[in-house]
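Asker: Below are the chains, spelled out letter by letter.
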Amino acid sequence: MNEISPARPNSLRLGPDGNGRFGEFGGRFVAETLMPLVLQVEQAYEAAKRDPSFQIELDAYLKDYVGRPSPLWFAERLTKALGGAKIYMKRDELNHTGSHKINNCLGQILLARRMGRTRIIAETGAGQHGVATATVCALFGLPCTIYMGATDVERQKPNVFRMKLLGAEINAVTSGAGTLKDAMNEAMRDWVANVEDTYYLIGTVAGPHPYPAMVRDFQSVIGTEARAQIMEVEGRLPDAIIAAIGGGSNAMGLFHPFLDDSDVRLIGVEAAGRGLDTMEHAASLSRGRPGVLHGNRTYLLQDEDGQIQEAHSISAGLDYPGIGPEHSWLHEIGRVEYVAATDAEALDSFQFCCQTEGIIPALEPAHAIAHVRKIAPEMGPDAVLLMNMCGRGDKDIFTVAAHLGVQL
Amino acid sequence: MSRIAARFAALKREGRGALIPFLEAYDPDAATSMAILRGMPSAGADLIEIGMPFTDPMADGPTIQAAGLRGLKAGATLARTLAMVQDFRLDDADTPVILMGYLNPIASYGPQRFCEHAAAAGVDGVIVVDLPTEEAHLLAGHAHANHLDIIRLVAPTTDDARLPLVLQGSSGFVYYVSITGITGTRSASTADLAAAIPRVRAVTDLPIAIGFGVRTPAQAAQAVQVADAAVVASSLIEILAASLDAEGRAAPDTAQRVLDQVRALAEGVRNARVPA
Numbered sequence: 012m013n014e015i016s017p018a019r020p021n022s023l024r025l026g027p028d029g030n031g032r033f034g035e036f037g038g039r040f041v042a043e044t045l046m047p048l049v050l051q052v053e054q055a056y057e058a059a060k061r062d063p064s065f066q067i068e069l070d071a072y073l074k075d076y077v078g079r080p081s082p083l084w085f086a087e088r089l090t091k092a093l094g095g096a097k098i099y100m101k102r103d104e105l106n107h108t109g110s111h112k113i114n115n116c117l118g119q120i121l122l123a124r125r126m127g128r129t130r131i132i133a134e135t136g137a138g139q140h141g142v143a144t145a146t147v148c149a150l151f152g153l154p155c156t157i158y159m160g161a162t163d164v165e166r167q168k169p170n171v172f173r174m175k176l177l178g179a180e181i182n183a184v185t186s187g188a189g190t191l192k193d194a195m196n197e198a199m200r201d202w203v204a205n206v207e208d209t210y211y212l213i214g215t216v217a218g219p220h221p222y223p224a225m226v227r228d229f230q231s232v233i234g235t236e237a238r239a240q241i242m243e244v245e246g247r248l249p250d251a252i253i254a255a256i257g258g259g260s261n262a263m264g265l266f267h268p269f270l271d272d273s274d275v276r277l278i279g280v281e282a283a284g285r286g287l288d289t290m291e292h293a294a295s296l297s298r299g300r301p302g303v304l305h306g307n308r309t310y311l312l313q314d315e316d317g318q319i320q321e322a323h324s325i326s327a328g329l330d331y332p333g334i335g336p337e338h339s340w341l342h343e344i345g346r347v348e349y350v351a352a353t354d355a356e357a358l359d360s361f362q363f364c365c366q367t368e369g370i371i372p373a374l375e376p377a378h379a380i381a382h383v384r385k386i387a388p389e390m391g392p393d394a395v396l397l398m399n400m401c402g403r404g405d406k407d408i409f410t411v412a413a414h415l416g417v418q419l
Numbered sequence: 087m088s089r090i091a092a093r094f095a096a097l098k099r100e101g102r103g104a105l106i107p108f109l110e111a112y113d114p115d116a117a118t119s120m121a122i123l124r125g126m127p128s129a130g131a132d133l134i135e136i137g138m139p140f141t142d143p144m145a146d147g148p149t150i151q152a153a154g155l156r157g158l159k160a161g162a163t164l165a166r167t168l169a170m171v172q173d174f175r176l177d178d179a180d181t182p183v184i185l186m187g188y189l190n191p192i193a194s195y196g197p198q199r200f201c202e203h204a205a206a207a208g209v210d211g212v213i214v215v216d217l218p219t220e221e222a223h224l225l226a227g228h229a230h231a232n233h234l235d236i237i238r239l240v241a242p243t244t245d246d247a248r249l250p251l252v253l254q255g256s257s258g259f260v261y262y263v264s265i266t267g268i269t270g271t272r273s274a275s276t277a278d279l280a281a282a283i284p285r286v287r288a289v290t291d292l293p294i295a296i297g298f299g300v301r302t303p304a305q306a307a308q309a310v311q312v313a314d315a316a317v318v319a320s321s322l323i324e325i326l327a328a329s330l331d332a333e334g335r336a337a338p339d340t341a342q343r344v345l346d347q348v349r350a351l352a353e354g355v356r357n358a359r360v361p362a
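These protein sequence lines are chains H and P, in that order.
Following our numbering, the numbering of the first sequence begins with 12 at its first residue and continues without gaps.
Following our numbering, the numbering of the second sequence begins with 87 at its first residue and continues without gaps.
Simulated from the structure, these hints should not be mistaken for laboratory data.
Just so you know, even glycine gets a beta-carbon here, dropped at the ideal spot from N, CA and C.
Some clues are possibly wrong.
Unchecked claim - Derived contacts from chain P toward chain H, CB cut-off under 7 Å, selection only:
| # | residue |
| --- | --- |
| 1 | Glu220 |
| 2 | His223 |
| 3 | Asp246 |
| 4 | Thr302 |
What the hints assert, rightly or not - Derived list of chain H stretches under chain P, where covered just means 3 residues or more per stretch with a C-beta under 8 Å from a C-beta of chain P:
| # | region |
| --- | --- |
| 5 | 35-47 |
| 6 | 200-207 |
| 7 | 252-262 |
| 8 | 311-318 |
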């Protein structure tokens, strides 16, 4: 499947450097107590990368447990309805557990086992990463504690119950606004208190080095597959690729194998919440500025005194005031265009996708669909557009019903 | 000689360890935290550590998280925290003041500007929790140029191979984080400390302070018997928090209650028998 040429000397796929930097972004900004642990994760990951048996083991789980490769779907009715570019969907919502998150969880839990760790912790926003983590912990018989903001526990009840069924302990975090940022703070506090046995399984391309690079590598299976699949059906690369961005793992996984294909437009869609010009959005790149949080230097929503601001999105998975550092770098060098879609646009696109394609998308990729609807009509019928359907919407039906005024 | 070095040298001559009490800037309001700061030297503080409030203090437990949020709600900013130190220096030229906090507010203020303004305000040292040695170059040059000590954290997880690297470029004193965990949760055992401190002592001539889990006068006394200073934070904040009304407002005796505990801690430290 992997037909990407080796990275060239001037490749955009070479990062990060030895200090975990993508340009000025990334790094390892953690307390000294955690620093030795972070370095251990890095060493273990470097060793695993050099060991062919690690990839063979991971590939076997991805194939038989997750169901990879995920299909590439030509969304014909959506294409017709928009009257422009041909639209393809990378169907990572068909993965076991319902989103792309499982790709990374399997990679990291295999690493945790190699490191001899016996307890797993994770943060989760929408609960997709929590469910995927709880799933792999059940698969390998490891105890699992999930930190989830109390607000998110409330709006993602189905996933909370799933995690419990899978045997995970759920810790509802009440500090801050009780969302993903606060869950991540609390997970880091747990890690610092349980350094002997615990592995922190971060769910997105953020956190201290090596997490942004490692999570990207595990998610790059999405882009690697998609690249080969689109070559097979279209005989060429797509004109544009679109993915939603919270922390940015599904987007990074899809984009990375295409970074050196300069003719392919890469577009990341942030959550504009109630509007970019309100105080209620999660658009770190469009409206934030560089700072340091959760172990890395990246774009953050912050006030003039450097205090972190609460993000807002209808989608719990995008409700985060930061973004992976590699995205910050790709933004600054201009390789990826970062745009935004509002709650209302996502909600409308959620319904539109249900009715035109028979696919109930998660609210996260509904933001990507919203942007597809903006640009596809402006592109010619020969143009090819690829979007990441990174999660399914079963978890969101209660949120959507509430917004539509429907009592379930 | 810096204020920090001078203070530790004087205490060494006296044959006793140092008490370093902590307060969070603007907790629960500007006037009360200023009263606590002003009152600390006469209550027995040998050095003072001031927390710079941050929304996301990842190494802190619920007590100091709450203190930071109260401070922010009361209007704390980095500039106002520096102004507190400047006011304090009007009456106190000798007690070293150390600022403790997280990198983002400093990065936002500008590392160079922060170091210049902190030094001008009378700050002596800085502890930046999420700035490990590997990233310290962001601040180190500016701190050095302004004669500010960069005080490094050493943790139980810092092994012997890593210790020299961590202490490279550190000055003032070494802050030994006595537990693996967040502030205000548990305390290290006497045996743990007795084993850990000589390990650090072997690679540095700097004084060593023990923090995280030092709560009572007895624990403070124990800390200065194995190290050179005891940092007490969460237990003082708990006393402050317990004095607040339902709306989080200070009582008339809030500062007094905190300072009474500083006095008790100082007595513990001063009565500790320090091995010659």
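Asker: Run every hint past the structure and note whether it holds.
Answerer: Verification of the supplied hints:
no., hint, verdict
1, Glu220, "6 Å, holds"
2, His223, "10 Å, violated"
3, Asp246, "11 Å, violated"
4, Thr302, "21 Å, violated"
5, 35-47, "holds (count 10)"
6, 200-207, "holds (count 6)"
7, 252-262, "violated (count 0)"
8, 311-318, "holds (count 6)"
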